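So the protein sequences, as listed, match chains E and R. If you're matching positions, the first sequence starts at 23 in this note's numbering and goes up one per residue. If you're matching positions, the second sequence starts at 833 in this note's numbering and goes up one per residue.
Take these hints with a grain of salt, some might be off.
Unchecked claim - The calculated DSS-like cross-link candidates involving lysine-lysine, where the alpha carbons are at most 30 Å apart (straight line), are:
| no. | chain 1 | residue 1 | chain 2 | residue 2 |
| --- | --- | --- | --- | --- |
| 1 | E | LYS45 | R | LYS1130 |
| 2 | E | LYS64 | R | LYS952 |
| 3 | E | LYS24 | E | LYS64 |
| 4 | E | LYS287 | E | LYS345 |
| 5 | R | LYS1073 | E | LYS45 |
| 6 | E | LYS64 | R | LYS1011 |
| 7 | E | LYS287 | E | LYS217 |
| 8 | E | LYS203 | E | LYS248 |
| 9 | E | LYS274 | E | LYS338 |
| 10 | R | LYS982 | E | LYS45 |
| 11 | R | LYS1011 | E | LYS61 |
| 12 | E | LYS222 | E | LYS341 |
| 13 | R | LYS981 | E | LYS45 |
| 14 | R | LYS1073 | E | LYS69 |
| 15 | E | LYS69 | R | LYS1011 |
| 16 | E | LYS345 | E | LYS222 |
| 17 | R | LYS1011 | R | LYS952 |
| 18 | E | LYS45 | R | LYS952 |
| 19 | E | LYS69 | R | LYS981 |
| 20 | E | LYS274 | E | LYS344 |
| 21 | R | LYS1114 | E | LYS64 |
| 22 | R | LYS1043 | R | LYS982 |
| 23 | R | LYS1130 | R | LYS1114 |
| 24 | E | LYS69 | E | LYS45 |
| 25 | R | LYS982 | E | LYS69 |
| 26 | E | LYS203 | E | LYS24 |
| 27 | E | LYS341 | E | LYS274 |
As the list claims (entries may be wrong) - Partner residues aside, some chain E positions facing chain R, computed with beta carbon under 7 Å:
| no. | residue |
| --- | --- |
| 28 | ARG124 |
| 29 | ARG126 |
| 30 | MET300 |
Because the hints were derived from the structure by calculation, they are not lab data. Quick caveat, the model's predicted, so the values are computed rather than measured. All C-beta atoms in this analysis are idealised placements derived from N, C-alpha and C, irrespective of residue type, glycine included.
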Amino acid sequence: MKKTTFIEAITEALDEEMARDEKVFLIGEDIGIYGGVFKATKGLLDKYGAERVIDSPISEVYIAGGSVGAAMVGLRPVPEIQFADFITPSMDQIIQQMAKLRYRSGGQWTCPMTMRVCCGADIGGGLYHSQTNEQWFFSQPGLIVVMPSTPYDAKGLLKSAIRGDDPVIYFEHKRLYRWIKEEIPEDDFTVPIGKAALRKEGSDVTLVSYGLMYHRSMEAALALEKDGISAEVIDMRTILPWDREMILESVKKTSKAVLVQESSKTGGVMAEISATIMEEVFDYLDAPVTRVCGLDVPAVPFAPPMEHYFLPNAEKISKAVKKIIEY
Amino acid sequence: MPASKKKTVKSKTDQIGLPDETMLGLFSNLLKTRLLDERFRKLYRQGRFAGTYFSAVGQDASTVGPTYGLRDEDLIAPSHREIGASVTKGVPLDKIAGQIYARESSPDKGKSHPCHYGWKAKGVIAPSSTLAGQTVVGTGCAMGFQIQKKDNVVLAFFGEGATARGGWHEALNYAGIYKLPIVYICQNNLWAESVPASLAAAITDFSDRAKAYGFPGVTIDGNDVFITHKTAVEAIDRARKGDGPTLIECKTYRWYGHSEIDPADYRTSQELEDWKSRDPIKFAEKTLMDIGLLTTTKKEALVEQFNQEIDEAIDAVDKDKYADPEEAYNDVYSEQFPVRRVDW
Ligand SMILES: Cc1ncc(C[n+]2csc(CCOP(=O)(O)OP(=O)(O)O)c2C)c(N)n1
Ligand SMILES: [Mg+2]
Chain E
23 MKKTTFIEAI TEALDEEMAR DEKVFLIGED IGIYGGVFKA TKGLLDKYGA
73 ERVIDSPISE VYIAGGSVGA AMVGLRPVPE IQFADFITPS MDQIIQQMAK
123 LRYRSGGQWT CPMTMRVCCG ADIGGGLYHS QTNEQWFFSQ PGLIVVMPST
173 PYDAKGLLKS AIRGDDPVIY FEHKRLYRWI KEEIPEDDFT VPIGKAALRK
223 EGSDVTLVSY GLMYHRSMEA ALALEKDGIS AEVIDMRTIL PWDREMILES
273 VKKTSKAVLV QESSKTGGVM AEISATIMEE VFDYLDAPVT RVCGLDVPAV
323 PFAPPMEHYF LPNAEKISKA VKKIIEY
Chain R
833 MPASKKKTVK SKTDQIGLPD ETMLGLFSNL LKTRLLDERF RKLYRQGRFA
883 GTYFSAVGQD ASTVGPTYGL RDEDLIAPSH REIGASVTKG VPLDKIAGQI
933 YARESSPDKG KSHPCHYGWK AKGVIAPSST LAGQTVVGTG CAMGFQIQKK
983 DNVVLAFFGE GATARGGWHE ALNYAGIYKL PIVYICQNNL WAESVPASLA
1033 AAITDFSDRA KAYGFPGVTI DGNDVFITHK TAVEAIDRAR KGDGPTLIEC
1083 KTYRWYGHSE IDPADYRTSQ ELEDWKSRDP IKFAEKTLMD IGLLTTTKKE
1133 ALVEQFNQEI DEAIDAVDKD KYADPEEAYN DVYSEQFPVR RVDW
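Chain R extracted, bound-state conformation (with noise of 0.2 Å):
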């Protein structure tokens, strides 16, 4: 390990002394989260939404952990792989499913493509594509909230990959010099699209990148909920309290294609049987399940109950139709400035 601070948390859940209800939230969300993206990934192969979908399967204890327990004020600054974020963040199914269908209940009214979730009200920025961008943006949040004296903080999620990106580094420099309120939350998933981790940096671990900017880094398993969780509960105090950043990296992983229409053919079938082995879902439950917390019938009863919420979300959108088209020139500025309307 090079000579940085940085200190590596094992997995030793016993050791984690967590409150029951945070364990079983936790264990909720991550089920809630999995059970929504898999149906998705189904939705689509149906063909019942345009585009494609970008499956967080595998490394979804790395979004909800962080998340879980953050304030409506706190921001999540979401890339692509984030759905985790945006459901124990609390923002509604429906909102969730009406963005990656399109449709006119969508926040974004059918503008933006598969998800690229935000809700206000919850706090998750409607995210851009460019790789970093919410980094970026996010760090602004952080300062703003700064300059504001607000004890809110921003959890800026992004891949492996993204961190080769400038603006990525500029962001990460500028919060260490001012100590903003933010937590940096690395999703390493080993690929970025087709292109291995060991291509996108010369280093192992990515919260080494921490240190030339002056603010702690950690490298946990990201396929432990309970540690996710606590990691960054430490970190967000540490942000709030007016301490500065931290640079989270979750060791993870995706365990199907970059997005639905890639193969993932890139990649051994022995590393995914590996990575399968450690399923986020089944950690937490057989943990549950150790101490006494969870029962199969209650597990099942979670089912029941999310697949509910789900059923019902999807068919409100499946009934919602996309927005008029001449939705395309709403919100392109202010009402001073109306956009000119084509007579075609």
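One chain only, chain E, in its complex shape (with noise of 0.2 Å):
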């Protein structure tokens, strides 16, 4: 089998929804002729038309509200956000429109469509090319927030995210485009939302991430390896609602836990998690449970020395699991 990277796997998840379903169109700017700045929707204006894959002019608040009208009518629109950091015009119809337009109506109406956010850091794309702002999302019932860290994940819960009926915020991590390539089936197949993976199995620690995280994490579950700390290693993939089952049973399991988050640690998803661990499940814990998570500042600095201090890595994140290893 050949090798698919991460944004082929979502362009290939776009290619494939829409040709199985025709109520499956396309919205954001550039996707259309020049096939996205990332080149995610490559070739699907000229298999699809321009009445399904639409290059909108910009208006982050008209792609995300126009989104919500279009599938309230019976279409299931997969709008795109250019950078995640330019989501907040759109914030006012995410939150007042798309999340609440089920509970308002009293189930009468629905919407089911999937914002593509391309999000993340450790690209040099400085304050307004690298920000994740999933915490945002993750703080508002009513939508349901993922974030795949591989191709096969990125192919399969795109694809839940279209079929599924709730709206979902799809981030897509811009390292990972290109970076991280895998073998994945040709047949169709989904990757449930809510189910987080158990990317490797250990006794001492649990490690809880997501996205570009997930990798740090795994990079450093294989240090720690040879330094004879067994690290079991969680990709959350869906942050909203999050797999309380499988970590909190992890954490059951370990007894200690770090949480690592690209975004800034103040208010942000592991706050959560940790939170969570402490109520549910204090009582096996032998450790503080630890995060390791971006700086609290106003978003990524620019400068690659900067960038580099700025994110969790696999060094950081080492240094936190043996700290509470030896706790």
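Hints in hand, dock the two standalone chains.
What follows is the structure in structure tokens.
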């Protein structure tokens, strides 16, 4: 089998879902003629035409809110937000419309749409092309939030998102686009939303992460192995609703948890995971739950040493693990 | 007037030429809306329902006229002052009352606060409170109709104040590019809560905004239900044929406060009296009587009939209970993702 990159997996998922269901359409900036700034929608305009691959004006409010409307009348929109940094104008529509439509209408209307959001640092993008911003959506019930880390999951989760009846924010980390490749099945497959993946079994500590940070956590786990520390590695895949069972069971087994997240520490996803571990399995803990996160500064700074300093990496994760192992 | 191509239509009902049945239908819906609206104000002041109430009395012709004659599949994208659109679209009165009373029988089962009516069977979108929110979403519905080659149209309502929002402009810009099947109706009641229209925009006629988006804008007398209907019908026909949107500005006025808790002391009593003398109901009534379509007896019979319908609807919701509080867990996601319950 040939190896498929992360971004190819996304293009394939879009292509296959558009072929399977004529209700699926794409809308976003530069996604048609140009095939997307990262080429995620390459070739789709030629194949499906301008009515299903819409080059939108620079209107993030409309891209989000217009998609909600189209979903209400029977379509399955897959809007793209070119950079997670520029999702801010869409917030009103995402929070007030996308997330609340089903609730406020007593279930009369639903919003089956999948908003693809290109996100993430470690590519030299600077303050305005590096943000992930998943934490803003994590605190909004009514939304599904996913962030895959492998081509298999990228494809399978995107398909599940498009086929499902709930509004999904699908974060795709741009650092992974051409870096991560793997063989994936040719046949149609999906990956269930709401289920984490146990990537590596271990007995001394549980590492929880998602997106790019899953790869950093795995690098740390492999390095720790050489030092005789056995880390269990969980890739959340879906951030909201998150897989409590897998994470809590793992912590019960290892009695230690290091939670890794690329975005700023304060108010992030891992704060919630940490609080839940405390609430639910406190008696099993042998050491303080520890977080390794991006800095509490407004965004990822540009100068390469500063960007590097901002981000968690295998070394920083290993250090945090060793500290609680010795606790 | 700025050098835009918009035309200004004056109230000259004798030149309208609408069928008798339509004229009577418009009057009936206007009357029913008015009676219901005044009833809700009274009930609110009696403390019969919680929250507040946003009356549309005085500006009711600008929602009833455009909505009259729409198909069930056509959508209303409302804001907060469109009781006339719900009534005219045929939403059952007990559904409207249930929504205001936040009872179990409400389409939203008590989740949204008063005046956020939505009833899918009659194509009224359950609104958010974010101003111009449904202008954006409604434009998306029109995009959805166009992509699916359905000949349904959307009527999006908003106040003049809401037209200052960014999303409103993004939506109209998009609708212009793609000639979407939508009609935008601005109820310019001269005030956005306490802020006069002159502080909301540097233009006097809000229909001027259409020029920037490449489709017609027209300013009309929003208190003349025949004009609002006729103007909207032309725009709806255009939209349905694929000729694109129209922005209709209805100059009108709300008689009461922004909501029932607002004394509206920011405006002069003279201004209010001037507008009250142009009561949409009285105008429509006089027009119909002048041309012999309505008599006092016939009008009184209608009042009695509508009051009885309203009594029945209010009785029904008075008897109805609030939903079990655990209803709060429902309709967050599809059944695939049940919400975790709290063990209080
Ligand atoms: C985005 C947003 N900002 C503020 C409010 C609070 N608010 C509700 S109605 C209103 C005034 C609206 O004026 P206009 O659009 O002219 O409509 P009208 O009330 O006059 O019918 C305001 C400020 C809101 N609901 N949404
Ligand atoms: Mg107003």
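Outcome of the hint check:
For the hint pairing LYS45/E with LYS1130/R, the CA-to-CA distance comes to about 50 Å; that exceeds 30 Å, so the pair is violated. Taking the CA atoms of LYS64/E and LYS952/R, the gap is near 38 Å; set against the 30 Å cutoff, the hint is violated. A distance of roughly 19 Å separates the Cα atoms of LYS24/E and LYS64/E; the hinted pair therefore holds under the 30 Å criterion. Pair hint LYS287/E plus LYS345/E holds up; C-alpha atoms about 18 Å apart against a cutoff of 30 Å.
Between LYS1073/R and LYS45/E the CA atoms are separated by roughly 23 Å; this keeps the pair inside 30 Å, and the hint holds. Straight-line distance between C-alpha atoms of LYS64/E and LYS1011/R comes to about 27 Å, which keeps the hinted pair within the 30 Å bound. Only pairs whose Cα atoms come within 30 Å are accepted, and LYS287/E paired with LYS217/E is accepted, the gap being roughly 24 Å. Simply put, LYS203/E and LYS248/E have alpha-carbon atoms about 25 Å apart, close enough for the 30 Å limit, and the pair holds.
The suggested pairing of LYS274/E with LYS338/E holds, with an alpha-carbon distance near 24 Å, which does not exceed 30 Å. Annotation: proposed proximity of LYS982/R to LYS45/E holds, straight-line Cα distance about 13 Å (limit 30 Å). Of the supplied pair hints, the one linking LYS1011/R and LYS61/E holds, its CA atoms being roughly 29 Å apart against a limit of 30 Å. As the CA atoms of LYS222/E and LYS341/E are separated by approximately 19 Å, the hinted pair is consistent with the 30 Å bound.
Of the pairs offered as hints, the one joining LYS981/R and LYS45/E holds, with about 12 Å between alpha carbons and a cut-off of 30 Å not exceeded. For a cut-off of 30 Å, the pair hint linking LYS1073/R to LYS69/E stands: about 28 Å separates their Cα positions. For a cut-off of 30 Å, the pair hint linking LYS69/E to LYS1011/R stands: about 24 Å separates their Cα positions. Our distance criterion of 30 Å between C-alpha atoms is met by LYS345/E and LYS222/E, whose separation comes to about 21 Å.
Our distance criterion of 30 Å between C-alpha atoms is met by LYS1011/R and LYS952/R, whose separation comes to about 25 Å. Our distance criterion of 30 Å between C-alpha atoms is met by LYS45/E and LYS952/R, whose separation comes to about 20 Å. At most 30 Å may separate the alpha-carbon atoms for a hinted pair to count; LYS69/E and LYS981/R meet this at roughly 19 Å. With a C-alpha separation of about 19 Å, the suggested pairing of LYS274/E with LYS344/E holds against the 30 Å cut-off.
Taking the CA atoms of LYS1114/R and LYS64/E, the gap is about 61 Å. The hint is violated against a cut of 30 Å. The hinted pair formed by LYS1043/R and LYS982/R meets the criterion: a straight-line CA distance of about 27 Å does not exceed 30 Å. Using a Cα cut-off of 30 Å, the hinted pair LYS1130/R and LYS1114/R holds, with the two alpha carbons roughly 15 Å apart. Distance restraint check for LYS69/E and LYS45/E: the Cα-Cα separation of roughly 15 Å lies within the 30 Å cut-off, and the hinted pair is therefore satisfied.
Between LYS982/R and LYS69/E, the direct Cα distance comes to roughly 23 Å. Compliance with the 30 Å bound is thereby established for this hinted pair. Between LYS203/E and LYS24/E the alpha-carbon distance is near 9 Å, which keeps this suggested pair within the 30 Å criterion. For the hint linking LYS341/E to LYS274/E, the alpha-carbon distance of about 22 Å falls within 30 Å, and the restraint holds. Checking ARG124/E against chain R: minimum C-beta separation of about 5 Å stays under 7 Å; hint holds.
Using the Cβ-Cβ criterion of 7 Å, the hint placing ARG126/E at the interface with chain R is satisfied: the shortest such distance is roughly 5 Å. Hint status for MET300/E: violated, given a least beta-carbon distance of 17 Å to chain R, over 7 Å.
The earlier numbered hints that this structure contradicts are 1, 2, 21 and 30.
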